[in-house]
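Student: First to last, the protein sequences are chains B and Z.
Quick note: our numbering has the first sequence finishing at residue 109, numbered continuously throughout.
Quick note: our numbering has the second sequence finishing at residue 894, numbered continuously throughout.
Since the hints were made in silico from the structure, they are not lab data.
One or more hints might be untrue.
[As the list claims (entries may be wrong)] DSS-like, lysine-lysine: derived pairs with alpha carbons at most 27 Å apart:
no.: 1; chain 1: B; residue 1: 56; chain 2: Z; residue 2: 62
no.: 2; chain 1: Z; residue 1: 62; chain 2: B; residue 2: 51
no.: 3; chain 1: B; residue 1: 51; chain 2: Z; residue 2: 45
no.: 4; chain 1: B; residue 1: 56; chain 2: B; residue 2: 36
no.: 5; chain 1: Z; residue 1: 62; chain 2: B; residue 2: 60
no.: 6; chain 1: B; residue 1: 36; chain 2: Z; residue 2: 43
no.: 7; chain 1: B; residue 1: 39; chain 2: Z; residue 2: 45
no.: 8; chain 1: B; residue 1: 39; chain 2: Z; residue 2: 43
[What the hints assert, rightly or not] Derived, one-sided and incomplete: chain B residues facing chain Z with beta-carbon distance under 10 Å:
no.: 9; residue: 45
no.: 10; residue: 47
no.: 11; residue: 48
no.: 12; residue: 70
Glycine residues also receive a C-beta, built at the ideal position from the N, C-alpha and C atoms.
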Amino acid sequence: MKHHSLGEFEELVLLMVAALHDEAYGVSIHENLELKSSKTVNISAIHVALKRLEEKAFVKSRFGGITEDRGGRRKKFYVITALGKRVLDNQYELRTSIYNQIPKISFSR
Amino acid sequence: MKPAPPKGPLMFLRWFCREDYLDEIEGDIVELFNRQYQQSPGKAKRQFTWNVIRHLRLEFIKPFRLAKQTNSRDMFRTYLKVSSRNLLKHKFFSFISVAGLAIGLCVCMLIIQYVNAELSVDRFHTKLDKLYKVVNDRYQQGSRVQHSAMTYSGIGKAMKEEIPEVETYCRVTPYRVEVISWSDKKIADQRTIAVDASFLSMFTYPLLAGDPQSALREPNSIIVSEKMAREQLGVKEPQSLLGQIMVFDTDSLPYKITGISKDIPGNSQLHFDLLLSYVSLYSQSGNNQFTQADHDFTRPSFWQYIQLKEGADHKTVERKWAGLNTKYFPKAAASGIREVFYLQPLEKAYLYSDFEYEIGRTGNYRIVWSLLVIALFILVLAWMNYINLSTARSMERAKEVGIRKVTGASRLELIKQFLTEALLINIIAIIIAVCLTLLLQNVFNELVNRELSIGMLFSKQTANTGITTLFVLFSVAGIFLSGFYPAFVLSAYKPMKVLKGKFTRSVSGVFLRKSMVTTQFAISILLMIGSFVVYRQLRFMTSQSLGYNMEQMLILRKPVLSNAGEAFMTHADGFINTVQQLAHVKGAAVSGRIPGDEVFKINNVSRTDIAVKSQGTMANMGVDLRFINLYQMKLLAGRNFSLLDYNADFAKLDNLIINETALRQLGFASPEEAVGKSVMAFNRTWEIIGVVADFHQKSLKSGIEPVLLLPNLLGRYSQFSVKVDPQHLPETIEAIQKVYASYFPGNVFDYYFLDEKFNRQYSNDYLFGKVFSLFAALAILIACLGLSGLSLLTSTQRTREIGIRKVLGASATSIVLLLSKDFIKLVLLAIIIASPVAWYMMHLWLQDFVYRIDISWWIFASAGLLSLVIALLVIGFHTARSAIANPTKSLRAE
Chain B
1 MKHHSLGEFE ELVLLMVAAL HDEAYGVSIH ENLELKSSKT VNISAIHVAL
51 KRLEEKAFVK SRFGGITEDR GGRRKKFYVI TALGKRVLDN QYELRTSIYN
101 QIPKISFSR
Chain Z
1 MKPAPPKGPL MFLRWFCRED YLDEIEGDIV ELFNRQYQQS PGKAKRQFTW
51 NVIRHLRLEF IKPFRLAKQT NSRDMFRTYL KVSSRNLLKH KFFSFISVAG
101 LAIGLCVCML IIQYVNAELS VDRFHTKLDK LYKVVNDRYQ QGSRVQHSAM
151 TYSGIGKAMK EEIPEVETYC RVTPYRVEVI SWSDKKIADQ RTIAVDASFL
201 SMFTYPLLAG DPQSALREPN SIIVSEKMAR EQLGVKEPQS LLGQIMVFDT
251 DSLPYKITGI SKDIPGNSQL HFDLLLSYVS LYSQSGNNQF TQADHDFTRP
301 SFWQYIQLKE GADHKTVERK WAGLNTKYFP KAAASGIREV FYLQPLEKAY
351 LYSDFEYEIG RTGNYRIVWS LLVIALFILV LAWMNYINLS TARSMERAKE
401 VGIRKVTGAS RLELIKQFLT EALLINIIAI IIAVCLTLLL QNVFNELVNR
451 ELSIGMLFSK QTANTGITTL FVLFSVAGIF LSGFYPAFVL SAYKPMKVLK
501 GKFTRSVSGV FLRKSMVTTQ FAISILLMIG SFVVYRQLRF MTSQSLGYNM
551 EQMLILRKPV LSNAGEAFMT HADGFINTVQ QLAHVKGAAV SGRIPGDEVF
601 KINNVSRTDI AVKSQGTMAN MGVDLRFINL YQMKLLAGRN FSLLDYNADF
651 AKLDNLIINE TALRQLGFAS PEEAVGKSVM AFNRTWEIIG VVADFHQKSL
701 KSGIEPVLLL PNLLGRYSQF SVKVDPQHLP ETIEAIQKVY ASYFPGNVFD
751 YYFLDEKFNR QYSNDYLFGK VFSLFAALAI LIACLGLSGL SLLTSTQRTR
801 EIGIRKVLGA SATSIVLLLS KDFIKLVLLA IIIASPVAWY MMHLWLQDFV
851 YRIDISWWIF ASAGLLSLVI ALLVIGFHTA RSAIANPTKS LRAE
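Can you make the complete structure from the sequences, with help from the hints?
Tutor: Laid out in structure tokens, this is it:
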């Protein structure tokens with residue numbers, strides 16, 4: 001795979017897909033992201049991020065059933081792939097290792 | 001019931017969104033909508049629309065994916081290749097299309113430059129929307145005697161005191177300095193104006209050095225323009241002039257330089273070399289020439305500007321002032337005089353002025369707008385032509401289209417192909433047009449007497465963004481429309497029919513092409529009639545008797561290095577006498593004003609022998625005793641001036657001569673009656689010693705004014721008129737120059753022919769005429785190109801018919817007539833359409849002139865006839881060829 005890079009927003013969405021495991025689709029991701037970050041997020045941004053993540057093979061998707069609530073459209077569910085999980089792990093490791101390097105003295109008063 | 005999301009946005013989403021994403025995207029935002037609907041239906045709808053708009057991204061849009069699949073770049077390259085081959089194959093048609101478009105675009109660009117320059121005048125003032133010019137109409141016994149851009153010095157000040165909406169005022173008045181001494185230099189010929197201290201804060205003329213707040217506060221302070229500093233004073237660093245002293249020769253007083261103004265933009269109506277502080281005019285430390293200059297309501301010789309407060313309406317100010325008029329003109333009503341003041345917005349002062357005594361050159365909004373319309377006409381003509389030619393060629397290309405379709409080209413691809421071709425032609429035309437514009441720039445600048453360039457269209461200072469945008473948008477729209485129609489028509493052919501050879505033309509396209517030819521000819525005829533009328537009017541004006549003879553009249557510039565008064569008088573007298581002795585000089589005179597000059601007026605001229613009723617506002621000019629004879633003016637009664645009438649002291653003059661209009665205004669029954677009577681003028685009594693026939697002081701645009709001729713030879717403002725024999729011009733001028741140098745040493749000898757200068761009053765109209773006829777020619781040319789394409793098409797289409805007719809015994813003439821008949825009908829229709837429009841347009845234009853021609857029927861007739869003849873020639877050329885052709889050839893092909 002060529003693109004192993006992960007943007008900040010993409011990372012958030014990927015985390016949310018992983019966290020919502022099997023219940024992750026556009027609206028649920030949107031709802032939970034807004035809840036956690038207490039910021040407004042536009043749904044189109046999530047769609048774009050999901051498309052990119054799928055292209056990079058960090059997530060895979062399947063269609064769910066038709067529900068009345070969606071005007072006769074199917075849900076598209078996303079799950080994280082093994083590759084996606086590995087990228088998240090790497091990202092997490094990198095961040096913690098740098099975080100741990102912060103000298104404690106500088107903030108002790 | 002379930003809430004429904006807004007229909008429009010939903011349909012829009014379904015239209016642009018990729019099919020395979022639609023489930024997810026539409027589903028998600030509908031679900032979001034439903035959730036939000038519980039809380040607030042309105043917000044939910046807005047949010048829905050917003051979400052749809054936010055999904056308008058490349059990733060989600062349909063055609064983009066399609067384009068990716070069919071490698072559009074390669075296709076485009078093919079289109080380009082095919083198009084260029086096609087253009088090269090049909091060189092004649094390509095040339096005509098490109099030439100038509102290039103000429104149209106070039107003309108349009110030049111005109112837009114001119115229009116832009118005219119519309120941008122004075123637009124650089126940052127307070128433009130608050131600035132107004134006070135202008136003044138003066139009525140006497142109900143009729144308007146003055147319509148002046150100049151007015152009284154007291155008015156602005158009084159307005160500020162009386163009317164709260166007025167923020168501040170500024171007076172501007174020309175000031176005659178003649179000569180300035182600075183270090184060891186003597187400088188003549190500057191434009192000097194005296195202005196109030198508020199000038200620099202009201203108008204945007206920034207200073208290079210000096211404090212704009214205080215620079216014009218003190219008496220005897222002046223501001224020098226950068227241009228004058230560099231060119232006339234020869235200073236490299238204009239800033240260094242600050243604080244230096246100049247001496248005005250008129251009063252020998254020292255003037256301190258308190259500021260240097262930056263270069264005045266070319267699109268400023270007002271130009272100056274020196275700004276003199278207004279207080280100098282009447283303060284004790286100044287020359288004290290104008291004791292009344294601060295609060296005068298009798299002498300209209302000041303331009304007045306006022307600045308209104310934010311949001312104030314100038315009509316309110318006008319109304320409020322009208323109520324105050326009696327306070328400031330207490331005697332007016334009794335003597336039958338009415339003064340009306342208007343506020344003219346500064347942004348209209350240049351283009352919309354019809355006032356006397358303007359501060360600078362004025363433009364004419366009618367000319368500007370009609371040029372703009374004509375330029376757009378020409379462009380439309382060029383595009384119509386392209387459409388005509390390319391659809392006319394469709395016969396030849398029908399086979400190409402058929403084969404392409406059979407081999408699998410979709411209609412969309414064909415349209416793309418033809419659009420590419422149109423684009424290619426237009427791009428070539430644009431490039432050629434830009435080159436042509438650059439080439440013709442100098443010639444055009446000379447024609448319109450302006451400094452124009454392509455860059456002006458895009459520079460912030462000079463451009464009128466609205467016009468430039470309009471032009472660009474119009475061009476883009478035109479390019480696409482002109483490309484789209486042929487593309488649409490050509491791509492519609494049914495391949496089976498075409499390839500089987502059963503192809504016949506549709507009728508609808510013929511109608512469109514016919515109406516385009518009619519439009520083209522209508523526009524051409526319109527322009528032709530226009531140029532006929534303009535030229536007839538100009539001919540009329542220049543051939544009209546003016547009441548004097550100014551042929552072969554040389555005007556010598558007044559000598560500036562000479563003291564005014566008695567010394568000048570004796571000098572001038574000696575000079576004239578010597579010049580008159582010269583061979584080939586028929587006569588000479590000196591006068592304050594010459595024909596074509598603006599002549600200033602005085603109010604309150606009245607008769608002494610009857611009641612005050614007949615007061616008049618009259619122009620006055622000082623002339624010498626040779627003037628009337630030199631200009632061959634007709635003396636109706638009384639006598640000419642004699643030497644005894646002159647005096648160096650203006651206060652001691654007491655004889656004058658009036659013209660017929662003044663005679664009528666004063667109420668005399670005949671010239672004989674007036675001679676010997678007295679009038680009051682300049683607050684004293686004058687005896688009328690003679691009456692001259694009316695003469696046109698100014699162009700025939702304005703009427704004849706009442707004039708008082710005074711034997712006034714103070715000389716400071718005088719000019720010499722010398723009538724010469726044109727046969728021996730060079731040696732005569734040389735001889736005059738020698739005499740001039742001996743009488744007025746140190747002065748520049750400069751001369752010009754009076755009729756040239758006089759006719760310059762018509763320069764805007766000449767420009768109008770030239771551009772009009774140029775455009776008429778272009779329009780006819782383009783229309784003929786279109787016609788030639790169309791007639792070529794019909795004659796090739798009807799080859800078989802012609803062949804059969806010939807075989808059956810028709811003559812070539814009858815065939816030409818048969819084929820031309822349809823087109824002649826179109827041209828006749830064009831004449832009928834164009835004539836009333838042209839009549840109305842030219843009727844409007846002629847309103848500018850007091851003396852004007854009637855628009856007679858034969859102008860329409862000859863324009864129509866001319867276009868008919870041209871059309872016949874063009875059609876005849878093509879039809880005759882097919883009529884003469886051997887019928888066996890065309891029939892054998894079957």
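Student: Any hints from earlier that this structure breaks? Give me their numbers in increasing order, please.
Tutor: Checked against the structure, no hint fails, so every one of them is satisfied.
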